[in-house]
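Residues per chain, in single letters:
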Amino acid sequence: MIIKHKAIYSFVFARNFFWGKEMEENIKLRISQIEKSFPGVKALDKVDFTVKKGSVHVLCGENGAGKSTLMKIINGIYQPDSGQIYIDEKPVQINNPMQARKLGISMIFQEMNYVPEMTVEENIFLGNLPVNRFGKVNWKEVRRRTKELLQVENLSYSPTTLLKDLTVSDIQMLEIIKAISYMSDIIIMDEPTSAITLREVDKLFAKIRELKARGVSIIYISHKLDEIFQIADEITVFRDGKVVESHPIEELDMEKVITLMVGRKLTNTYPKEQIECGEDLLQVENLNSTNVYHNINFHLRKGEILGFAGLMGAGRTEVMRSLFGLDPIVSGMIKIKGKKVTIKNVRQSIDNGMIMLSEDRRRYGIIPMRSVRENVTLSSLGKVFYGFRLHKKVEEDIVSDLLKRMNVKTPSMETPIASLSGGNQQKVVLAKWVTRDADILILDEPTRGIDVGAKFEIYKLITNLVKEGRAVIMVSSELPELIGMCDRIYVMAKGTITGELDREDFSQELIMKYATGILNTKIVK
Amino acid sequence: MIIEDGFWNTVKKKYSIYLVLIGLFIICSMANPNFLSVNNLTNICRQLSVTTILAFGATMLIISGMLDLSAGSVLALSGVFAVTAFQSTGSLLVAIFIGILTGVICNVINAVMISTFKAPPFIATLAMLAMARGVALLFTKGQNILQLGDFVVLGQGSIGIIPIPIIFLIGIAILTWYILNHTRFGRSLYAVGGNEEASIASGINVHKVKYTAFIINGIFVGLAGVLFMSRVNAGLPNGAINYEFTALTAAIIGGTSFSGGVGTAGGTLAGAFIVGFLDNIMNLSNVDSYMQQIIRGAIIALAVIYDIQAKNRRSNKILGSIEDRTVDKK
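Those protein sequences? They're chains E and C, same order as listed.
Position one of the first sequence corresponds to residue 1 (this note's numbering), numbered consecutively onward.
Position one of the second sequence corresponds to residue 1 (this note's numbering), numbered consecutively onward.
Derived by calculation from the structure, the hints in this document are not laboratory data.
Hints are not guaranteed to be accurate.
[As the list claims (entries may be wrong)] Below, in silico cross-link-like pairs of lysine-lysine (DSS-like), each with a Cα-Cα straight-line distance of 25 Å or less:
#: 1; chain 1: E; residue 1: Lys203; chain 2: E; residue 2: Lys53
#: 2; chain 1: E; residue 1: Lys392; chain 2: C; residue 2: Lys208
#: 3; chain 1: E; residue 1: Lys344; chain 2: C; residue 2: Lys118
[To be verified] According to the in silico footprint, chain C covers these stretches of chain E (three or more CB under 8 Å from chain C):
#: 4; stretch: 339 to 350
#: 5; stretch: 381 to 392
[Said to hold, decoys possible] If you only want the chain C side, here are some residues facing chain E, beta carbon under 8 Å, derived:
#: 6; residue: Thr183
#: 7; residue: Glu197
#: 8; residue: Ile200
#: 9; residue: Ala201
Where is the CB? At the ideal position from N, CA and C, for every residue including glycine.
Work the whole structure out from these sequences, hints included.
Here is the structure:
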């Protein structure tokens, strides 16, 4: 008998010895040999992946590499074709998001679906309303807890604010708060900082570290390498549905990660070319709205890439929407090519040669169920419909040329645009505006949620556009991108322009000072 | 590595409604010997001609995210005015013109309520349904206008063996197909219905699109009114009640989706014939008329459920799957 026990103990010891490392470090989530195919595509190919308790595990990879698909499987939205998921080393079946939430999994999405008429408190407690025995909702409790959460997070809006009155960044912040309030053990964040500004990112990271300390596992999908290196404990790189490599953060640096992601070394991240800037294409004088922005004065020259930096709530998007004719202008003057223009609606703006790419692609950018082809020619219908008919060949030529030039990945131009990944959808929307041949292109967050490779392609496109004599206004919350691509940067804070920098004076610190209002060289006396 | 959809899968997706139509035709032919007679088939066509013309107007409106519940009432009003015009001028052309004009005016009013004043289409056209019917009854003092004389040639006559209403129907079917597929306006309809905000932000003149859609609908409804009164040889202020629902049924079964941005002329035509065949075979089989109503309702429910399931199956398959993989970039 003693001999038998000894044998068992030796066996257990040996097993622990070989598998010990992993068993000791408390794996929270283990993905084993997961496969998932969709018609025509193998999205995940024998994926193995583990996440430890109390750690931040970052997933990198180009758009379509499989990260989102894997996360949707973990969140119960898709079912794997084969393979197994283990939570706390116990096999689980996750059939839907509700089940996932019960298992302690919470997910914050990249493309947010929200109900515009819902209030903040309703959204936070969606599916989780405190009810009494009879099912009656305790709204007092909802109000109280929402107020608490908003206070703790230092947010200025009230529990009854409607979601449609919030910006994209606000809504994303809410999603994060929601996930935190569910007390999940595993929180999946898909590009959480794509719509929030630097200040919010710091807050988010502080929160993530807090959650880590509590033992929560965080799976973080992001393209922003500088952020990743601030927050990750481990990085897994995906490519074409497979895990390329997984390493603890100490073993990696940014260049290595990029190389793993794209399989090639990226030397010059910003294709910036010095172009001689010409006369003013756009002059904006004393633009004022009722209460969002005031005293907006700026000019844009031919061949120039003009950046607009600022924190959330600075009013940049609002200014651009007014210029484009989406929102009314209360007072002010707009001159295009030296001539005063009235812009009361979008068509007038477009007719004057000025277009805008919205930051909210799903709402203002695409017609989801229509084909890529129809989306590309949407703003240039006159080019394909004339003489009382549709010139099919002309349209196909225009579209295929653009799709090729911009390297849009789609099975065919007849594919519904909603089927494309976020990055490719963005390229199609850009293609739509390129087809329009505008002189002035306002791009609001043009590379948000897009992988490194596609970003580069968009930067190249922007450079080519200004080489042709056009001008680009780039509103962005990514300072490296602004610093890399722009000729001049205006910084906005609290609804007005606080600073203007030329390329030789660019610095993240300086821009941040203007963005927080500490510095203001544009004060009107 | 892309697996292309098999031949049969593609056929199923694009042409399923026509396959159902053909299948139904075969079943009906086998179920009842009287079905296949020229007489019966021409009758089917005559009977569905009026509501199918309405269905094409409905299709365009639904594609752009709107709808018209007033079609039956406006049809009656247009018909009544047309008949009166014929009786006072003796001219068929004037009568048709008046009928169409009435349809257009009523629908422009719809457009004003919906596009300019942003009223929900359901409510606005419901209001027009009541108002148009009221005007028709007021105008005729509730009485039917009888004995129209030559007016009936439109609804009861034929050119060769083809009844005139069917010629109108085919003409409008082709016109609708052309509008939807070959005109800037048609393309804009799909865009506005698919995502109105994105359409505005892309420079589409949404007001113009909505007004145009209603005007075209008005022309179709007015013409349908003339044909209807002509067929029944009377100006009936209470005629064509609930015709808008038959029109909607045809459109829905034909694949026009209420969420907007989806629909075809061919599909609607097929939907109309599917309903037409079913009505006919039930009549030939002496199905109780109340039972027929129940069955018709059940078919709408099935058609909608099938449509939504098919959409979900499609979108589940492709959601996020086409991520940076290409066959070719065409």
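Going down the list of hints, with the structure as the test:
For the proposed pair lysine 203/E and lysine 53/E, the alpha carbon gap of about 22 Å is at most 25 Å, so the pair holds. Restraint check for lysine 392/E and lysine 208/C: the C-alpha separation of about 24 Å stays at or below 25 Å, so the hint holds. The straight-line distance between the Cα atoms of lysine 344/E and lysine 118/C is roughly 19 Å, inside the 25 Å bound, and the hint therefore holds. With 3 residues having a Cβ less than 8 Å from any Cβ of chain C, the stretch 339 to 350 of chain E passes the three-residue criterion, so the hint holds.
With 6 residues having a Cβ less than 8 Å from any Cβ of chain C, the stretch 381 to 392 of chain E passes the three-residue criterion, so the hint holds. The criterion of a C-beta within 8 Å of any C-beta in chain E is met by threonine 183/C, whose closest approach is roughly 6 Å, and the hint holds. Taken as an interface hint, glutamate 197/C checks out: its beta carbon lies about 6 Å from the nearest beta carbon of chain E, inside 8 Å. Evaluation of the isoleucine 200/C hint against chain E yields a held restraint, the C-beta minimum of about 6 Å falling below 8 Å.
The criterion of a C-beta within 8 Å of any C-beta in chain E is met by alanine 201/C, whose closest approach is roughly 4 Å, and the hint holds.
Hint violations for this structure: none, all hints satisfied.
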